[in-house]
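Work out the full structure: start from the sequences and follow the hints.
Sequence lines, in order, name chains U, B and F. Here numbering that gives the first Met the number 0 is used: the first residue of the first sequence is 0, the next is one more, and so on. Here numbering that gives the first Met the number 0 is used: the first residue of the second sequence is 0, the next is one more, and so on. Here numbering that gives the first Met the number 0 is used: the first residue of the third sequence is 0, the next is one more, and so on.
Worth flagging that the hints you see were computed from the coordinates, not collected in a lab. Among the hints, erroneous ones may be present.
Computed from the model, here is a short list of chain B residues facing chain F with C-beta under 8 Å [to be verified]:
| # | residue |
| --- | --- |
| 1 | A28 |
| 2 | P100 |
| 3 | V111 |
Covered by chain U, according to a simulated footprint, are these stretches of chain B (three or more residues, beta-carbon under 8 Å) [as the list claims (entries may be wrong)]:
| # | region |
| --- | --- |
| 4 | 101 to 109 |
| 5 | 211 to 218 |
Glycine included, each C-beta is placed from N, C-alpha and C at the ideal position.
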Amino acid sequence: MTALWLMLLIPLSGIFLQAFIGHLRLAGSINVGFAGMTFAASVWLATSVLADGPLLSPSRMMYIDAFNVYLVALTAFVGLTTAIFSRPYMQHEVESRRIGKRRMRLYHSMYQGFMFAMLAALTTNNIGILWVAMEGATLATVLLVSLYRTPEAVEAAWKYFILCGVGIAQALFGTVLLFFAAERVIPVRDDALLWNVLYSSASQLEPTVLTLAFVFLLVGYGTKVGLVPLHNWLPDAHSEGPTPMSAILSGLLLNVALYALVRIKMLVDGSLQTNLAGHLMMGFGLLSFMVAGFFLHRQRDIKRMYSYSSIEHMGLMTFAFGIGGPLATFGALLHMTVHSLTKSAIFVTVGHAAQIAGTQSIEKIRGLIRTQPAVGWGLLMGTVAIAGFPPFGLFVSEFLVLSATIKSWPWLTVPLLVGLAVAFAGIFRHLHPMVYGDPPEGQVAVRANMLPVMIQLAFVLWLGIAIPVFLSKWFEQATILISGSSPL
Amino acid sequence: MEFTQLSLYDQAIMLFAAITLFTSFVMLAQSRMAPLIYTFAWQGTLLAVTTSLVAYVSNHPHLYISAGISFFLKALLIPWMLHRLSVRLNIHREVETVAYPSLILLAGAGLVLFSYYVAIPIVQLSALVTRNTIAISIAVVLLGMLLMITRKKAISQVIGFMSIENGLFFAAVVSTYGMPMVVELGIAFDVLVAAILFGVFFFQMRASIDSLDVDRLNRLREVDE
Amino acid sequence: MTAWMLAVLETLLFVCLAPLLAGWIRRVKCHMQNRAAPSLLQPYRDLVKLFRKDAVLAEHASWIFRSTPYIVFGATILTAAMVPLVAVELSTYVIADVIVLVGFLALARFFTALAGMDIGTAFGGMGSSREMMIGALAEPVLLMTVFTLAMTASTTNLSGAVQYTLSSGLVLRPSFVFAALGLMMVAVAETGRVPVDNPATHLELTMVHEAMILEYSGRHLALIEWAGKIKLMIYFVLIANIFFPWGIATELTANNLLVGAIAIAGKLALLGVVLVTWETVMAKMRLFRVPQFLGFAFLLSLLGMLTHVVLETGG
Numbered sequence: 000m001t002a003l004w005l006m007l008l009i010p011l012s013g014i015f016l017q018a019f020i021g022h023l024r025l026a027g028s029i030n031v032g033f034a035g036m037t038f039a040a041s042v043w044l045a046t047s048v049l050a051d052g053p054l055l056s057p058s059r060m061m062y063i064d065a066f067n068v069y070l071v072a073l074t075a076f077v078g079l080t081t082a083i084f085s086r087p088y089m090q091h092e093v094e095s096r097r098i099g100k101r102r103m104r105l106y107h108s109m110y111q112g113f114m115f116a117m118l119a120a121l122t123t124n125n126i127g128i129l130w131v132a133m134e135g136a137t138l139a140t141v142l143l144v145s146l147y148r149t150p151e152a153v154e155a156a157w158k159y160f161i162l163c164g165v166g167i168a169q170a171l172f173g174t175v176l177l178f179f180a181a182e183r184v185i186p187v188r189d190d191a192l193l194w195n196v197l198y199s200s201a202s203q204l205e206p207t208v209l210t211l212a213f214v215f216l217l218v219g220y221g222t223k224v225g226l227v228p229l230h231n232w233l234p235d236a237h238s239e240g241p242t243p244m245s246a247i248l249s250g251l252l253l254n255v256a257l258y259a260l261v262r263i264k265m266l267v268d269g270s271l272q273t274n275l276a277g278h279l280m281m282g283f284g285l286l287s288f289m290v291a292g293f294f295l296h297r298q299r300d301i302k303r304m305y306s307y308s309s310i311e312h313m314g315l316m317t318f319a320f321g322i323g324g325p326l327a328t329f330g331a332l333l334h335m336t337v338h339s340l341t342k343s344a345i346f347v348t349v350g351h352a353a354q355i356a357g358t359q360s361i362e363k364i365r366g367l368i369r370t371q372p373a374v375g376w377g378l379l380m381g382t383v384a385i386a387g388f389p390p391f392g393l394f395v396s397e398f399l400v401l402s403a404t405i406k407s408w409p410w411l412t413v414p415l416l417v418g419l420a421v422a423f424a425g426i427f428r429h430l431h432p433m434v435y436g437d438p439p440e441g442q443v444a445v446r447a448n449m450l451p452v453m454i455q456l457a458f459v460l461w462l463g464i465a466i467p468v469f470l471s472k473w474f475e476q477a478t479i480l481i482s483g484s485s486p487l
Numbered sequence: 000m001e002f003t004q005l006s007l008y009d010q011a012i013m014l015f016a017a018i019t020l021f022t023s024f025v026m027l028a029q030s031r032m033a034p035l036i037y038t039f040a041w042q043g044t045l046l047a048v049t050t051s052l053v054a055y056v057s058n059h060p061h062l063y064i065s066a067g068i069s070f071f072l073k074a075l076l077i078p079w080m081l082h083r084l085s086v087r088l089n090i091h092r093e094v095e096t097v098a099y100p101s102l103i104l105l106a107g108a109g110l111v112l113f114s115y116y117v118a119i120p121i122v123q124l125s126a127l128v129t130r131n132t133i134a135i136s137i138a139v140v141l142l143g144m145l146l147m148i149t150r151k152k153a154i155s156q157v158i159g160f161m162s163i164e165n166g167l168f169f170a171a172v173v174s175t176y177g178m179p180m181v182v183e184l185g186i187a188f189d190v191l192v193a194a195i196l197f198g199v200f201f202f203q204m205r206a207s208i209d210s211l212d213v214d215r216l217n218r219l220r221e222v223d224e
Numbered sequence: 000m001t002a003w004m005l006a007v008l009e010t011l012l013f014v015c016l017a018p019l020l021a022g023w024i025r026r027v028k029c030h031m032q033n034r035a036a037p038s039l040l041q042p043y044r045d046l047v048k049l050f051r052k053d054a055v056l057a058e059h060a061s062w063i064f065r066s067t068p069y070i071v072f073g074a075t076i077l078t079a080a081m082v083p084l085v086a087v088e089l090s091t092y093v094i095a096d097v098i099v100l101v102g103f104l105a106l107a108r109f110f111t112a113l114a115g116m117d118i119g120t121a122f123g124g125m126g127s128s129r130e131m132m133i134g135a136l137a138e139p140v141l142l143m144t145v146f147t148l149a150m151t152a153s154t155t156n157l158s159g160a161v162q163y164t165l166s167s168g169l170v171l172r173p174s175f176v177f178a179a180l181g182l183m184m185v186a187v188a189e190t191g192r193v194p195v196d197n198p199a200t201h202l203e204l205t206m207v208h209e210a211m212i213l214e215y216s217g218r219h220l221a222l223i224e225w226a227g228k229i230k231l232m233i234y235f236v237l238i239a240n241i242f243f244p245w246g247i248a249t250e251l252t253a254n255n256l257l258v259g260a261i262a263i264a265g266k267l268a269l270l271g272v273v274l275v276t277w278e279t280v281m282a283k284m285r286l287f288r289v290p291q292f293l294g295f296a297f298l299l300s301l302l303g304m305l306t307h308v309v310l311e312t313g314g
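Next up, the structure:
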């Protein structure tokens with residue numbers, strides 16, 4: 000319990016502290032410190048939940064079970080590594096006079112705000128508060144997307160704000176409908192939005208209303224996940240914001256949105272007793288997966304390209320959660336983890352690469368491996384991992400999803416394989432010249448801390464070769480929770 | 000139940016709901032900035048009045064608080080902010096050209112019918128006297144979206160956005176007599192923050208593209224040839 | 000027999016009092032605009048003056064031009080006979096159908112427009128085309144309002160509708176609010192008042208109704224003007240008695256009839272003040288804005304029907 004409160008209070012106090020001192024040179028380190036403390040608290044929380052089982056706070060506002068506790072730990076971990084990366088990166092941005100003191104305060108404060116909103120969304124037991132926290136995460140990041148104040152950045156932020164705002168409004172309507180259905184069967188009004196109460200009485204909820212609610216919630220949170228055709232904000236927001244922002248948007252925010260969707264799906268499945276929700280998710284997921292794969296080929300901006308890759312992977316996860324069996328769910332959970340780790344590592348590397356080349360244009364980024372071998376290798380390894388090469392973790396998770404598909408939807412393996420191949424080709428045609436090409440005259444290395452990237456990629460590699468016991472136990476518990484049976 | 004058998008208070012709720020819907024249409028048709036903001040303020044006021052009526056009829060005192068919050072936010076604070084910003088940015092006298100105004104209004108009427116059909120399954124399950132207004136609330140949401148789609152000025156889009164929020168709030172009030180208080184407060188907080196951020200954005204937009212026409216935000220494309 | 004007598008009497012009253020209403024409106028308007036007001040009876044004097052004058056006919060005028068004033072006046076009187084003024088359930092009850100009413104008004108308009116084009120002057124044709132445009136836009140609104148009413152009262156009979164509203168007491172129907180507003184806007188457009196048309200001017204760029212009847216003089220003009228005044232009163236009575244029917248006589252006793260007469264006089268006077276206020280604050284709009292004005296009226300009537308379906312049925 001203490002761990003939970005600590006974990007939420009640390010970033011919350013970080014917001015206010017950084018609002019005053021965020022412009023100091025020290026602020027980057029303080030940011031790392033806060034993220035580190037949050038991570039420590041999350042590990043403490045994770046071990047206690049793992050040992051004692053699900054945790055419901057006395058006020059029943061917070062609920063931690065196997066599913067969200069691992070996402071909490073993952074979020075805090077990526078938050079920490081990105082904070083480590085952001086320190087030298089933002090220093091460089093200040094030195095090159097792209098942003099001033101006030102914006103540094105805003106940046107650091109909102110970084111903590113974003114962490115707080117996401118952890119709150121993950122840990123809350125109330126699906127109304129879940130909505131509030133998701134919207135809060137948008138609000139915290141929207142000014143960060145426009146941090147550079149260029150016309151492009153403002154445009155991206157506006158698009159992000161409007162699209163996600165409207166999208167999430169649909170989710171609120173879905174939540175209202177859910178409350179409407181729940182209020183009829185749950186005697187105490189204020190309990191009718193509590194997830195654990197809802198889950199235990201899911202079978203009594205009115206199926207027609209829940210179907211309608213799910214459609215709205217899928218559209219709403221699906222916008223946040225970046226599902227096609229609601230994905231338009233995502234590449235813009237990723238490409239125009241500062242790179243640490245892209246890393247946590249891609250690595251974390253999308254996950255949290257998907258988490259919300261899966262929580263809702265669990266309720267809807269309980270009420271409908273059919274897999275209608277799953278079918279909808281499969282459709283949207285597969286569509287996003289295919290479309291994003293093709294869009295990868297057309298990109299000229301390196302951050303846009305990797306954000307399309309995020310859409311592709313989120314599509315795959317949505318698809319896998321939609322299939323719903325233990326195998327697919329296990330695969331999706333694993334994929335969530337390895338994708339977060341890999342994608343945030345890639346964005347960190349990309350940020351350094353863009354600073355080396357002075358631009359984000361793919362055509363102008365050349366010869367990284369000669370100018371700064373660490374960055375070049377990082378980008379190469381990260382991309383190899385994200386493309387799903389063995390022995391990296393994404394290979395294992397994609398393989399699991401594929402085998403689950405073969406088992407229940409054999410004919411869907413064809414588009415899945417085609418999509419994988421298309422995406423693979425799309426990324427690699429751009430990658431080779433960036434890493435190996437001739438570096439332009441006078442290109443020099445920048446100050447970069449590649450340690451977090453290496454740790455994350457090593458972790459992904461480890462997950463690819465052998466899933467550690469505590470993790471597999473964790474995933475297994477979460478899978479049982481979501482799909483009802485064990486994959487092993 | 001026949002409409003004539005409802006009490007006068009219930010009928011008044013229906014009436015105010017209908018007028019709220021009407022303000023949505025007025026916003027769709029209104030192309031001048033200042034009146035658009037005033038109409039939005041009126042919608043907020045109507046919403047608050049309807050909510051307090053519902054609170055009175057259904058004997059749910061917590062709805063008075065919701066009504067108060069929504070009146071303060073949607074009828075006073077946000078319109079006031081928007082008005083002050085538009086005066087400071089000198090756009091309050093601007094007139095927006097809306098393409099196909101009558102077509103948009105007809106589309107709006109179509110959306111009302113659509114919401115009626117969407118709401119049928121919910122209405123059939125509900126036992127509240129206000130259940131017939133659920134369709135109206137959905138329509139207000141959809142009309143807000145239509146406003147956002149058809150407008151190019153940032154302020155109109157913000158008003159469309161806020162009017163979507165109005166519709167959602169209204170939906171919560173009439174379908175379930177409001178959400179739990181903690182959620183309502185959270186939503187109100189989000190709306191407040193969103194309104195402030197929109198204000199910040201107006202200045203950023205003004206500084207970067209020298210206009211508040213969202214049309215000018217067209218640099219980001221899939222492939223920049 | 001008494002019932003028939005009463006019906007004829009009521010129609011006569013309707014026709015004779017229409018100029019008085021016009022005089023009242025003119026008087027209130029003068030007061031509101033700080034002008035010296037003419038007598039209430041001024042419209043009667045104008046009509047008498049016109050009747051005394053010779054009618055001048057154009058050389059090329061056909062029978063259409065000559066008969067139109069009588070057709071228009073006749074159709075308008077028949078319409079007036081249908082509208083319950085002081086009492087419901089008179090003998091004209093059976094034909095008091097709103098769709099017939101709309102038809103009669105359309106007939107009058109059709110002949111006025113034909114007559115406008117009959118002589119072949121530029122103004123007449125222009126006025127006719129404008130009038131038809133306004134008519135084409137206003138009639139759907141009128142019908143839509145009528146349908147909303149009919150759906151609520153389950154009848155298209157005027158007396159039936161009035162009785163239905165009376166019997167259900169005070170009901171805050173959202174649909175009636177919209178229908179009433181829509182009907183008021185149509186009334187403004189159909190009777191050629193500000194902001195659609197200005198009956199007081201002969202400005203060639205803006206006039207609509209006046210342009211059509213520019214060639215008329217003497218008794219012909221008197222009849223057409225009188226018909227115009229009756230038409231205004233028809234709309235007023237419709238609005239007053241359908242949406243605020245209280246006071247109208249349901250039984251044909253002297254007492255009830257007296258109350259009914261006083262009630263309708265009060266309602267008409269009040270509506271006149273409303274119209275004058277509206278005309279004073281509004282400016283005449285350009286002709287090209289008129290479709291927007293009527294489009295808005297259509298939206299109101301459509302909303303009336305939609306809210307009726309959504310809010311007042313089922314559940």
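Tested hints:
no.	hint	in the structure
1	A28	7 Å, holds
2	P100	7 Å, holds
3	V111	5 Å, holds
4	101 to 109	violated (count 0)
5	211 to 218	holds (count 4)
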